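As given, the protein sequences belong to chains A and B, one line each in that order. Numbering (my numbering) for the first sequence: 1 to 240. Numbering (my numbering) for the second sequence: 1 to 383.
Please note that a few of the clues may not be correct.
Stretches of chain A that chain B covers, calculated by requiring three or more beta carbons in the stretch to come under 8 Å of a beta carbon on chain B [to be verified]:
hint	stretch
1	38-46
2	75-83
3	93-106
4	130-140
I should point out that these hints are in silico values taken from the structure, not numbers from a laboratory. These figures come from a predicted structure and were not determined experimentally. Backbone N, C-alpha and C define an ideal beta-carbon position, used for all residues, glycine too.
Letter by letter, the chains look like this.
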Amino acid sequence: MQCRVVYNRLYSIIEVLAAMFVVAVLCACNQGDLNRGDEALRIGDYDRAIVNFSKVLDMEPTNRDARYGLAIAYYAIAEDKERLKENTLAFWERTVREFKILSVVDSSEKSKPMYSTSLFYLARAMLAENAQSKVMPLLDRSIQLDPENYFSYNLKALILAGQGDTDEAKKIYAYIVTREPKFASAYVNLGNLYWNVHDYESAWDIWSMGHEALPQDPVLAKWTRIAEDSLKAMVYSGKL
Amino acid sequence: MKKSEKSLLDSVTGGLLLHKGGEASIYLLNVGSAPYVLKWYNDGFSFNENVIKNTNKLHMPGLYRIEEWGKRNESLYLVYDYVDGIPSDKLGVIPVAVALVALRQVVATLSLLRKQGVSHGDLNPANVIFSGDGNELRTVLIDCGIVGPGALSYAAPERFQGKLADEKSDLFSLGLLLYRWIAGEDLIKADGFEAFAEQMTNIDSVNITETLYAKGFFGTPEGAVQLAALEPLWSGLLRSGLTERIEDFDELDELLEIALDKVVHGEIALANCVTQYAKSINRPDCDRNAVLKVPNRLEKDFPFAVHKKNNWLKWGALGVSILILALIVLLLSGGTMRFGIDATGDQLLKRSRVMESSTEIENTPVLKVDSLLLDLPVPASEQ
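Extracted from the complex, chain A is given alone in its bound form (with noise of 0.2 Å):
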């Protein structure tokens, strides 16, 4: 009787071994497609990163490095299609898609500045496709994910210059100009706005600041030398 306590416990151990074996290999053979789908995605070979972040996620939604590779994956994807000028909005689609996922199983602060950006691409290729489309919400959810993406808050800022509330607009490009004194569009788009209200002296401040902190910009360089002329013909002709 005692003896066959002891089998029955020796079998015992031998099933939770095994059973820990299997984990294991099973652990293993995903390790080996997580391998394979980070070194196509570093070479570029996104469809087949794709293939093999997903043959990891069929065996395991929850993995947070797959779902990472894969929404990677199809940013970069979407990213491509962007420098071609293609329609991007299905693809921008599909990556956010993926980091909401992602979102769900990461509780690390990673993957938030690409998810961010995500969504701006995604706000940006809806308004490619309609003018007219809600994107503030994405924007504002792309804010909140990264607050140091200045894109997002100069895609919002256009959207609220658009729509008339310039000085909201004002706000941000100035928030965007002060946090990041390299982001040449902000200094554009800010002066823009003074432009069109013809205040051409600030205009020309902003141009000429951005000039400044952006000597090599030639549409900086370009608009700080045209509202100089133009603020010397004013004080020439007297209206200034």
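Chain B: place on chain A using the hints.
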């Protein structure tokens, strides 16, 4: 019951039957290339566990070393270190001087045992091993703690009456043992328990000196001296009455010393005698290196099965554990993967957010300064 939880029997790789007796079978074991002796008791026979425990605590050169005892397959067993030597029942006639020297050694061991409250209980030639290397003669006592009278040819009369072994009964047995060594045969020969009991009880009537003389070994003047020297020993040891026997081992040792003085003149002569005998039994070609004959396999009729399965399970479990550990280490080392994916993400994000120079939208007219006042251009908004 066992001395240790891990049984030596589970590590046995070979076994050889040395002797099959009424009380037990004796096997020579190969355990991790070291020789051990297994005493496997037959049904109805056992040992005195208290004696075994006390003996186990003792470490003395003249006494065997018990390693383990217990029960296996419903049979009692005892495992002790193999003693490299020859059991004295295999030696035939031993010179008187050598027999006296050997007996003194045995008495010294028994005296120490006695101080631990242990009486041997089964003193017979098979339980005294003549060991030693080259010129040295050393006796080692084995097989303490028997339950019952022990070897009937050497048991004291009171042992047949069921009394436990004590110093007096051991002294009686020593007398018969000495006779056996000197004469080369047992003094008492009988058939069955009752016959032995009767003869032992009547041993006072046996004239041992005459018996020895009749064997023809002591016909010389030197032999006569030896017989005379031995006489006090017979009269002190081989007595059925306890009070007539020698008092204790110390007294016996004194008598043996006196006898030795009479038998051999001087220490040098004694040393020569012992050395010569030791050489004769320690010859390389003699049958003492039984350990070399221990096979690396178990005989078919070995009394128990070695649980190699347990070892297999242990090794299997150990192997799986090591494998799991290796995988865990692998996973941990692969844990940098998390940073790998994160690093890839950071890299892509950095590329996305690079602060490129702002670009003018296409077809923006290059404006002349003098037209500014008339038609101010609107710079392209940048996202």
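Okay, the hints, checked on the actual structure:
no.	hint	result
1	38-46	holds (count 3)
2	75-83	holds (count 3)
3	93-106	violated (count 0)
4	130-140	violated (count 0)
In terms of the numbered hints stated before, the structure departs from hints 3, 4, listed from lowest to highest.
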